[in-house]
Structures are given as structure tokens and as C-alpha cells.
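Novice: Protein sequence lines, in the order shown, are assigned to chains A and B. Each residue of the first sequence is one higher than the one before, counting from 11 in the numbering used here. Each residue of the second sequence is one higher than the one before, counting from 17 in the numbering used here.
Hints were generated in silico from the structure; no laboratory data involved. Glycine included, every Cβ here is placed at the ideal spot set by N, Cα and C. Treat the hints loosely; a few may be bogus.
[To be verified] To give an idea of the interface, some chain B residues facing chain A are shown, with a C-beta separation under 10 Å as derived from the structure:
id, residue
1, 245
2, 271
3, 304
Here are the chains, one letter per residue:
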Amino acid sequence: MTTKVIMPRLGESVVEGTVTKWLKREGEQVEEFEPLLEINTDKVDTEVPSPAAGTLLKVYVGEGQTVQAGTLLAVIGEPGEEIPEAPEVAGATMPVSAPAAVEATPVSSVAPSPPRPGRQADLGFISPVVARIAAEHKVDLTQVRGTGRGGRITKKDMLAYLESRPAGPAPAAPAWEQPGSGELFRPSEEVFGGARPPASQPEAEARALPGTVQPLDVVRRSIAEHMVRSKRISPHVSTIMEADMSRVMAHRRNHKEDFAHEGINLTYTPYFVAAAAEALRAVPMANSSWSDEGIVLHGAVNVGVAVSLGERGLIVPVIKEADQMSLRGLARAVQDLSTRARSGQLSPAEVQGGTFTITNHGVGGSLFATPIINQPQCAILGVGKIQKRVVVIESSEGDGGTQDLIAIRPMVYLTLTFDHRILDGAVADQFLGLVVMRLESWA
Amino acid sequence: MPEITLIEGIRQAMDEELARDERVFIVGEDVGRRGGVFRATQGLYEKYGPERVIDSPLAELSIVGVGIGAALYGMRPICEIQFADFIHPAFNQIVNEAAKMCYRSNGEWTAPMVIRAPYGGGIGGGLYHSQSVEAFFAHVPGLKVVVPSNPYDAKGLLKAAVRDPNPVLYLEPKKGYRLIRGAVPEDEEVLVPIGKARVSREGRDLSLFAYGMMHHYSLQAAQQVAAEGIEVEVVDLRTLNPLDRETVLGSVRKTGKALIVYEDNLTGGYGAEIAALLAEQAFTDLDAPVRRLAGPDVPAVPYSRPLQDWFMPNAEKIAAAIRELDAY
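Construct the entire structure; sequences and hints are all you get.
Specialist: Structure, rendered in C-alpha cells:
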């Protein structure tokens, strides 16, 4: 009996993943639960344990290839056993329990399911000649503008594209994404059903300019989708305040060494998380999500902290119940999560469930910015660069009066970008004011 | 170069072949004194006499049978079937005897003969004077089937058929007899090789395959749509068996789309063979489904004028099919 290894679904919105490494080769023995391969989704990298003991008979999806959840990755069994011929590309709707990595199913008991449209369906019908030209010239069909019926890519579109595209082949599409046997022999209603909307004007214009096309990886595509979606759903409004960081800096200076003894590098981030968590507790409306039934006030305060991965994009691990944690606990959590985020070792659960997000754009020198809300949250706090500035402060006089003084203080701009459906300016400012107050009065 | 009609090309071919080779003779109904019901043999009886232009009884079986016997005796008969609709009584002679002669005698005997048959509708001929019979015969190995679409080919193909060492069924688009005119040189011998199609109009957008009268309409349709910017490549098949596969495939490899026009009933018609060839050997060159435009699957071309028009493909119907395929 053979056992299928299936691309797991690693989260609610995670419908595809990339095979980053096979830890076993075809023909090698593998024990049940022994790590078999590594996969990467738009959120995390994870190891997939073998669903059964036996020989890795066949690998269908090579390293670096991206497939939908539910796709057959490999087959494990005894040498000589019959194995399926082609990869079965299943749709994202296939029920695969998350985050259980592997669904072990005896081949014999699987009812043949009709093939589902893959990504190719978005392109409309791919004619044999278009398929051949694409294969011969390694054309990524998503880059070709279709002018045929319903936006179908015609032979002429292909020839025009080849003529206009810059030298050097585009990266080869994985075998199952090339319109070969599988896609072509789908039922015609599926083939003709998914007509491709014509590419937007700016896209077409951009492609007409000379240059190369940087292919989209999972992370880039995911960020793009999230950003566009967020801007579309939420009316974004930003409010900006500044905070005097003198007390925080003093506190950090005094405790840095203690923390270091425990292996914790004390940065400013835990202070911002702590201040925000406290303010979120005080202003529950800022710790909420919009729904048509009403505003969902979240019971827990889970603060996400954006971690830049450089060219690889951005990831937001979440500190659960941040309002229940001490500064030490927060500092440890920030360090742990950001370290593992950079090395790609976060689990799916660790990037989910956030109710509020902090992004520290100041690390790049930015004074203030207007970040985009991390859906379905209500607001995001942008932290600018801490900068020594000349400020006017009021000094108390002995007679009970005050005097204006010019002082040099480490200042930071804080931006709160909020969903105006949920918060109005007054409440947003109340929240941000609390954050500022907490930072300025740190003891 | 003088312009002549298609039927004049046929007449000239027979005249020249009768003069060139005394083994050549004509046999058929009313081909002698009357000069043929369509006047294809006009003047030949007077010129070559009753022994070389022979009026036969109304018996197609015997016209072809006599032809086969004479051919085996070394003669070069041209058998005229008055209408292709009446060729069926001779089916056995053509398919079982003439077509198989060379093969069954291991090449020792051949039946060098031409069977001429006016075919096709659109002439108000009704059930028994409008049929297209090419699909029946193009199916038979050993029998060559040619269909001219213009006076030059009519003359050149018929002369080539007379000289061919094996039987040739020569189908004449009778609606075009006097409708289709074209220049044919007088002072040189016109010979058109059997088995060669001709690209009669070059184009990049789609390939249109046709023969006989449908080729004539196809050129008209191609002209119409050219004004709309659609460049149709028109291929005149000329010989249905053996088919010039190279030209057919070459054209579709260029354009990626194929429209096949024939006036015979759609199902099992000759165009189906072209479609099958393209599916088998040009699959990865296709950018659209292969399209056939043909007569509907009704038992005959109706006599009623409106119904005949409904049956027959014409330039407008072809142009519409071209537009549809081009837009795919």
C-alpha cells in the first residue's frame, strides 16, 4: 500500500506553499514522522514529517516549486508498487486539517476526484500553439496580454510578446503550470469558463517599457494582495504625535546590562509594545475588528511586530496577550520572534491572531510614515526614528508658576493609522495620547 | 492571353489530347452529336468522328466498364458521367475494378482512364442534379480524385489526368462552367500536376481550404474580409486524392487557424479528412479549433430556391465563418 504526501494547508489564508528542500531522495528509506521535506508558505517555513514508514518512491514536486495546498508531493511505499503517474493538482478548497502537515491516505481508497482548475484557469483557454510557444521560449503566460475572445492569449499575442520582450528567458514555470496534458484535457466548461480579464492599462504600459520582469515570489505576491485589500476595505486616517523618550532611554540604559546577563538584547521595541498594549487595554475600540454585524472587540491584546526580512519582504510575528507581560517578557518575546522570523523558523500560529500591529519604520531613518493597516485589525502604530531635537519644555518654578525652557530631548514621532469606520479622530487621539503618556512617564 | 470559361478549358483539354494521342477517346451520354448536355464536347464529334467521340446508352455502369476494358487494351478513355448524381451505378466498376487494377495485378495491368463528372449544387438542379460525390471516391486508394476551380487548372488537370497511368476521377464544378473565367495561354501546353495544392491567396491570419466552386467563393470572401484587415490564406486543394499534405500543414503551421469549406454534407465530408490531418499532425500549431463550413446534413440539395440558398455555402457565409474564426 502506498501513502501520499500532500502539500498541507498551513493556515486559514495559506493556500499554497513552496517546496524548499527535500530531506530524502527518491529510493531512500524514511521512518514515520521523520522529517521528509521543508516547505515555505507566504508566512513561514516548516518541516513536513513523513506520514508513513517506507521508501520514498516518487517525488512529484521539485525544490523551489510552488503548489496549492492539497497537491500530491510524493508517494511512499514499498519498491515496485504502482504509483500515480502525474501530479494531482488539487484546489485550495480540499479539506486538509491545519496545521497537521500531512494527510496520509491509502491510494487504493481514494476516489478519483475531477481535476480542478489551477492557476492556468485565470488565463482562459490556452491553445496548443500558445502552449508550445510558451514551452519553447519559456514564456510566463501571466505576462502576456491576451487579445483573443474573452481575453484569450492568441498565437499573435505570443509572437508580439516574444518580439517585444527583453532578451533572456523568463524563469521556467514548474511543469504542472505549463499548459501541457493536464490543463488541456480539462472539461471544456472549465477551460472556457475562466475568461481572463484584460490586463489593466498601466500594467500593459509598464510591460511595454524596456527592462526585465522580476518574477513574483509567494511573499511578494502575498504582501501585494494584503496591501491592496487593506487599502480597499478600510478608510485609512493617520494621526501623528511625538513623544519624549528621555525616560525610556534612561530606563533602557539602566537595565540593558541586567537584561544582557539573561541573554536579552534590550531594544526600544518592547517599550513601544508595552505602551501600546496598555493603551489598547484602556481603549478597547482600538483593539477591535470591523464586521457587518458590529465592531468585534477582542478579548486578548495580541500585538504584532513587523520584522523586515530585507529583500525577502516583511513578516509580522504576534506577541500574544502582550498586556499580561512584563517588559522582560516582552523583550524576550521580541528577540525570540524576530530572530526566528529572520531565519524563517516561525510556526504558522506565531504569525496569526494579531489584534494590533506596530511597525518600526524608524530603523531606516524615517521620521514618520503612514503605514497600512494589517487586516482585519483596526489600527497600526508607526514608530519613527528617535532623534535628538530642540524642544520647548515647561519647567516648574518654586513659586508654583512655570517657565519655558529650550532643551535637547530624544524625540520620536508616533503615527497611528486607523480604520475610520471604527475609530473617529477623538478616540484615536485618546489612544495615541495614552501611548505617548506611558512612554514619557516610564519609570 | 485570352480569357476563357472553365468549361472551355475542359473542352480544349480534350481537344488537345484527342489530337495528341490517337488512343484517347470519349464515351458518354450525348457527348457526340449533341456535344454534351453542358457542351463540354462541342465540336469534337465533328472533328474526330463517331469512333473517338462515342454516344453511349443511358447506363453509367457500362460507360465506365467499357472504359476499363478499353484501357486494359491500351486505349486512353475519357468517360463522361452526365451528372455526378448518376455515377452510383458505376460505383462497383470504379471502386472494385478500375481503382484496384494495378494493385491486384501487382503492377502488370493498369486502367489508364479519366472519369469526368459534373458535380455540385446551386444551379436549381434539385435532388438528382446537385450532388457532391467526392467523399465516396476520395476514400478509395488507387483512384485519383481531382477538382479544378478555374479554367487553367481545368485544362491542365484534365490533360494530366489523361496522361496518368491510373484511373482519375475528374470532378467538374458545374455551376462554375460559365461563371468562372480566367486567362489560359494558347501557345503553350498547360499541364497541372496531380497531387499538388495551390496557395491561391497568401495571408497570415487563417488558412482556408476549399476546392471547386467553394474555392471560387472562398476567394471572394477573402477579398471581402481583407477590407476589414483580415488576411486569409486560401488554399485550392485541386487534388483530393492524393492530398498535398505538405501544403496544407505548411499553411496551418503559419497561420495557426483552419477553416475548411465544402458543399457536400458536413458529416463524413472530405473536409473531415483535412480536419483529422490537422488534429494529428499540426496539433501544436493550432491556435483555434479547426472549423468546417459545409452543407447541412440533409439528404439532398433542396429544389426550392430559398432552401437551396440555405443549403449552399456562399461568399457571405464563408466571410462570416472567417470573421468568427479570426476573432477567436
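Novice: With 10 Å as the cut and Cβ atoms as the points, is residue 245/B at the interface with chain A?
Specialist: Interface hint status for residue 245/B: violated (12 Å vs cutoff 10 Å).
Novice: Can you verify the interface hint for residue 271/B: is its Cβ closer than 10 Å to any Cβ in chain A?
Specialist: 8 Å, holds
Novice: Next item in the hint list is residue 304/B. Is there a CB on chain A closer than 10 Å to its CB?
Specialist: Residue 304/B check passes; min Cβ-Cβ to chain A is 6 Å, inside 10 Å.
Of the hints listed earlier, the one the structure fails to meet is number 1.
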